[in-house]
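Participant: Sequence:
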Amino acid sequence: MTNWTLDHVVIAGQDLEQEMKEFEKNLQTEPIPGGTHPSLGTKNALVGVQGSKTYIELLCPDRSNGEGKPGHDMLKIHGASLSLLPYHYAIAASDLSQVKSRAEALGMKASEIQEIS
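For what it's worth, the working numbering labels the leading residue of the sequence shown as 183, then goes sequentially.
These aren't lab readings, by the way, just hints derived from the structure by calculation. Wrong hints could be hidden among the right ones.
[Claimed, not checked] Here are the simulated BS3-like pairs of lysine-lysine, each with C-alpha atoms no more than 25 Å apart in a straight line:
id, residue 1, residue 2
1, K235, K282
2, K251, K291
3, K235, K207
4, K203, K235
[Stated by the list, open to error] Label pairs and their computed distance ranges (CB to CB):
id, residue 1, residue 2, range
5, V191, P252, 16 to 24 Å
6, S283, Q210, 34 to 42 Å
7, M290, V231, 16 to 24 Å
8, G289, E199, 34 to 42 Å
9, T236, Q210, 33 to 41 Å
10, V231, Q296, 18 to 26 Å
11, L188, I214, 14 to 22 Å
12, G289, N247, 18 to 26 Å
13, Q196, S221, 16 to 24 Å
No residue lacks a Cβ here, since even glycine has one placed at the ideal position from N, Cα and C.
Produce the entire structure from the sequences given, and follow the hints as far as they go.
Facilitator: Here it is in structure tokens:
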């Protein structure tokens, strides 16, 4: 059996600066601006989980460079009502195809495996 770990949890919203302020207000932890994902049309901020490699990613549409890109449009449509709500999570494993097959056998929906740093 392949061992896996939680890599990160994505929390989606519409306005990154506002989401960062709200996150800090509620959790007394300041997110660090991450950057943009030009091919997706999104931008993010990150919060490390102490004592692990796991992190929380605040993800929002990049309004300055996102129109027509998949992440931007998806968050714009599906994230309209989101404000600091879990959006998805990612795992790390030595054999992701085995983990995906096992999840699907249990009736879970798994997205395509993507190599992302």
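Participant: Hint by hint, note whether the structure agrees.
Facilitator: Okay, the hints, checked on the actual structure:
1. K235 / K282: Holds. K235 to K282 sits at ~21 Å (cutoff 25 Å).
2. K251 / K291: holds (23 Å)
3. K235 / K207: Distance ~24 Å between K235 and K207 Cα, so the pair holds.
4. K203 / K235: holds (23 Å)
5. V191 / P252: 16 to 24 Å: holds (20 Å)
6. S283 / Q210: 34 to 42 Å: holds (40 Å)
7. M290 / V231: 16 to 24 Å: Holds, since M290 and V231 (Cβ atoms, about 23 Å apart) stay within the stated range.
8. G289 / E199: 34 to 42 Å: Since G289 and E199 have Cβ atoms about 39 Å apart, the given range 34 to 42 Å holds.
9. T236 / Q210: 33 to 41 Å: Given range 33 to 41 Å: violated, Cβ gap about 19 Å.
10. V231 / Q296: 18 to 26 Å: holds (22 Å)
11. L188 / I214: 14 to 22 Å: holds (19 Å)
12. G289 / N247: 18 to 26 Å: violated (38 Å)
13. Q196 / S221: 16 to 24 Å: Check passed, 20 Å falls within 16 to 24 Å.
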